[in-house]
Amino acid sequence: MTILTHLVAYSATAVFLVAVAIRIHLWVRMPMHLRWELYPVAHEGARASYGGSYLEESEWWTTPRRASRWGELRAMVPEILFLVALRQHNRKLWTRSFPFHFGIYLVAGCTILMAVAGVLGAWLPGLMAGPLGGGMRVLIPVMGHAGLVLAVVGALGLLQRRRQRPLRDYSAPMDIVNLVLFVIAFSFALVTAWTVDRSFATVSELVSNLVTFTVAPLAGSGPEVMLPCVTAILLAVLAAYIPLTHMSHFIGKYFAYHAIRWADEPNLPGGAQEKAINDLLSLPVSWSAPHIRGDGTKSWLDVATEDPER
Amino acid sequence: MKQPGSLKDIARRPGQPLAQVAPIDQTPLPPPFDRIDEDPPIRPLSDAARSTFAVLDDTIAVNIERPRTEDEEQALVDAFLAGLEKLFSVPDNWTFLQPLEMSMEHCARCQTCSEACHIFEESGGNELYRPTFRSEILRRIYFKYVRRVSPLAHGDIDLNWETVARLIELAYRCNLCRRCAQTCPIGVDNALLSREIRKIASQEMGIAPRELHRDGSVLQLAVGSSTGMTPLVVKDNIEFIDEDTAERTGISIKTPWDVVGADILLIHNAGEIMSWPENPGAFATVFTAAGLSWTMSSEITAYDAINYGVWYDDIQFARVAVHHAAAARRLGVRKIVLGECGHAHKALTVVADRVLTGDLNIPRESSMVLLRDIVRAGKIAFDKSRNDFPVTLHDPCNMVRLMGLVSPQREIIDAVVPEARFREMTPHGVENYCCGGGSGFAIMSGHNFADWRHHVSGRRKFRQILEAFEDEPMTRDHPKYVCAPCSNCKGQIRDIITYYDAWEKAGIYYGGLVELMVNAMVDAKPGFIDWEWH
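If you read the sequences in order, they're chains F and V.
Going by the numbering used here, the first sequence opens with residue 1, and the numbers climb by one from there.
Going by the numbering used here, the second sequence opens with residue 1, and the numbers climb by one from there.
Calculated from the structure, these hints are not laboratory results.
We put the beta carbon where it would ideally sit given N, CA and C, even for glycine.
A portion of the hints provided could be inaccurate.
[Stated by the list, open to error] Result set (DSBU-like, lysine-lysine): computed pairs, CA atoms no more than 35 Å apart in a straight line:
1. F:275 x V:335
2. V:335 x F:298
3. V:144 x V:8
4. V:384 x V:335
5. V:144 x F:92
6. V:505 x V:384
7. F:253 x V:86
8. V:144 x F:253
9. V:86 x F:298
10. F:275 x V:86
11. V:379 x V:235
12. V:235 x V:525
13. F:92 x V:8
[Stated by the list, open to error] Chain V residues, not near chain F, derived (Cβ > 10 Å throughout):
14. 19
15. 30
16. 49
17. 183
18. 255
19. 274
20. 290
21. 298
22. 421
23. 533
The shape of chain F in the complex, shown without the other chains:
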């Protein structure tokens, strides 16, 4: 069981990291698109409060732009943590989606804490024996229990909502399956925590072994060992699965905001964008309508500057 757990955990982590890296790579490699920003844009400083932009300034191109990164953080952090937009525009769904997402954050945070504790325990055992280690040992089960309960309740709530109209009519079978997977994995983890690992000591030991590459049997026997191992396997598989699906919106959302909604960087003469735009304008067009007749040899520049047929 120990070896199987290690194999699955390492494989799943690798799949997760590779899938996330590929997703990010694909978004980053996308060509520059035409501007399509949507206001309010958070980095507009004081103007962001009413949705204003630098285009309100007299001859805006004559003064340097000041993009407020603090403004972006002030918008993004509450959005990620508390799903502000959903709360504002769809309160019913937020009461289910917020616990679900926040629960996942807590479980992820708990796992990271266990990993940090494992590394510190191996390299700086004295530190873990002190107040820092004590604090972490208190925080880990608190975050773990709270996270699992919130995620299960949220997932059940989302399932119930998805069974109702209008969501039911728009959902694909996999939307239901995905939520069921969350319910199964997190419920199993909850049962494990409540029955054999209330302090998260066994699962902490497992995570510690994983991050220090120590293949050793866990303390205890029977369900005390088996349940945490199966939990780890289920959660690892789930983690690997998420970035393979449209649930990878946790990556896409960053680009939705930074590369589209807030992408208001102007193309100034001689600026960084010009070369990229000229390269894109040289790409071939194959649109077939009579007013274009793109044959794959004419470029965007050609079709944009030719006289079309009437």
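Chain V: place on chain F using the hints.
Frame of chain F; chain V shown alone:
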């Protein structure tokens, strides 16, 4: 309520409408228009139209002829799929590939966007007009028929010619106002998907509403303006406007044409010159009084700021944008200033920003900003008491939500309208509602489309206008002014007022922003706004 029972209905009930908007399903308007039985009816679509064109609902915008043979049916489907594939190719659609991928991949189908849509809400919540209805059909077609992914992952849909034709028609039941995108927790943009469907139809299949393409961008590129005005005619019209305006204001003006080296190239929506001549007249009056160095261009397309491609076709969009910039380059102006036209603002200032390079990249500025600067400069004296009537402001989506131009127009109003007379609509600014004429609707009136436009897409704006003036006597002898600094919005608001007879019944009038300025100019004769229904 007649509405589709499921997404799959898009391929079913051939030749039959999938939805019908009945007044009984709609929320009554505020007084004095609160009697549903007094609502003007939506005229039925003619039998001839039903038998000739693809039928989606109670109206037709695009006129897609019903195929006569199975081969023609298949050709329609094949062309759509070919276009859909091209949407995801970098060479063919670098222009919007990233936003498209984002909206195709990550929708959680949570329906958070639905209530933000004025068309869905004012239709009484008709499923056909839910912003995700067309998006989800497009998504399912793409994943099932292009990507060949199991329907278990992204949902199932049948694909026949009715699906294709109805989906294209349905793309013209969205104003592209992007209010839905603003509410999406993930960043999905249903309006963008509507536009991408329109692009497949136009760029691959050669299908677009006549008003936007043949009589719109094609005509503009051929003769200079979608109004049909040639350079000679437009100069003649402006000369007449100058004379008429000077007579009304007592301020002599002469619009300068083709002045090489002028500071500013002013481009109006040519619809203003044809339908609201007081607007270009007012611009000329203010610019003259402010002592600006400016010119208009008589070059083909450069005296008409419209760029309908921004609603349906990237190629036509780029062609017009290049023409506008090239005219400015030839004149050697320092900047282009766009008159009161929302989509022209967005098209040339924002969207074309990544099309125009080198010496075509001439700075573009909003007339809202320039007029605000004129007010700030204090060279023109205004008497607010001349605008002593109730005023509300309509925010064109293209200026506010899509460009972040919110405060200049308010600063101008603050300078020329008594504070107690101005009231905001609810909501306003970047959260405004579309006038209902956005994305080309304002100029589309084939069959009974205008009835649908007034009854459904424009109803929320009319409701907002009535609510803004709710504390005022709703009578003809108590005139109220809806300020709409956008030509298309103004046309739509004119049409709504006409449709509901709101000028006669409630004294609701409309006009632009610069007209309010001239009406308050101390040096001008009083009464520039004449309160005569045109």
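The hints, checked one at a time:
1. About 22 Å separates the Cα atoms of residue 275 (chain F) and residue 335 (chain V), which keeps this hinted pair within 35 Å; it holds.
2. Taking the CA atoms of residue 335 (chain V) and residue 298 (chain F), the gap is about 31 Å. The hint holds against a cut of 35 Å.
3. Using a Cα cut-off of 35 Å, the hinted pair residue 144 (chain V) and residue 8 (chain V) holds, with the two alpha carbons roughly 13 Å apart.
4. Using a Cα cut-off of 35 Å, the hinted pair residue 384 (chain V) and residue 335 (chain V) holds, with the two alpha carbons roughly 31 Å apart.
5. Taken as a hint, the residue 144 (chain V) and residue 92 (chain F) pair is honoured in the structure, with Cα atoms around 31 Å apart against an allowance of 35 Å.
6. Pair hint residue 505 (chain V) plus residue 384 (chain V) holds up; C-alpha atoms about 27 Å apart against a cutoff of 35 Å.
7. Using a Cα cut-off of 35 Å, the hinted pair residue 253 (chain F) and residue 86 (chain V) holds, with the two alpha carbons roughly 25 Å apart.
8. For the hint linking residue 144 (chain V) to residue 253 (chain F), the alpha-carbon distance of about 24 Å falls within 35 Å, and the restraint holds.
9. At most 35 Å may separate the alpha-carbon atoms for a hinted pair to count; residue 86 (chain V) and residue 298 (chain F) meet this at roughly 15 Å.
10. As the CA atoms of residue 275 (chain F) and residue 86 (chain V) are separated by approximately 24 Å, the hinted pair is consistent with the 35 Å bound.
11. Between residue 379 (chain V) and residue 235 (chain V), the direct Cα distance comes to roughly 28 Å. Compliance with the 35 Å bound is thereby established for this hinted pair.
12. Taking the CA atoms of residue 235 (chain V) and residue 525 (chain V), the gap is near 25 Å; set against the 35 Å cutoff, the hint holds.
13. As the CA atoms of residue 92 (chain F) and residue 8 (chain V) are separated by approximately 27 Å, the hinted pair is consistent with the 35 Å bound.
14. Against the 10 Å criterion, residue 19 (chain V) stays outside the reach of chain F, whose nearest CB is about 15 Å from its own CB.
15. The claim that residue 30 (chain V) is not at the interface with chain F holds, since no C-beta of that chain comes within 10 Å of its own (minimum 24 Å).
16. No beta-carbon of chain F is positioned within 10 Å of the beta-carbon of residue 49 (chain V); the least distance is around 24 Å.
17. Some Cβ of chain F comes within 10 Å of the Cβ of residue 183 (chain V); the nearest lies about 4 Å off, and the non-interface call is violated.
18. Consistency note on residue 255 (chain V): stated as away from chain F, and its beta-carbon is indeed over 10 Å from all of that chain's, at 23 Å minimum.
19. Non-interface status of residue 274 (chain V) relative to chain F is upheld: no Cβ of that chain comes within 10 Å, the nearest being about 22 Å off.
20. Distance to chain F confirms residue 290 (chain V) as a non-interface residue, since its nearest Cβ pair spans about 13 Å, more than 10 Å.
21. Taking the minimum C-beta to C-beta distance to chain F, about 19 Å, the non-interface status of residue 298 (chain V) holds against the 10 Å cut.
22. Distance check for residue 421 (chain V) against chain F: the nearest CB is about 22 Å away, which clears 10 Å, and the non-interface claim stands.
23. The beta carbon of residue 533 (chain V) sits about 34 Å from the closest Cβ of chain F, which is more than 10 Å, so the claim that it is off the interface holds.
In this structure, only the earlier hint numbered 17 is contradicted, and the remaining ones agree with it.
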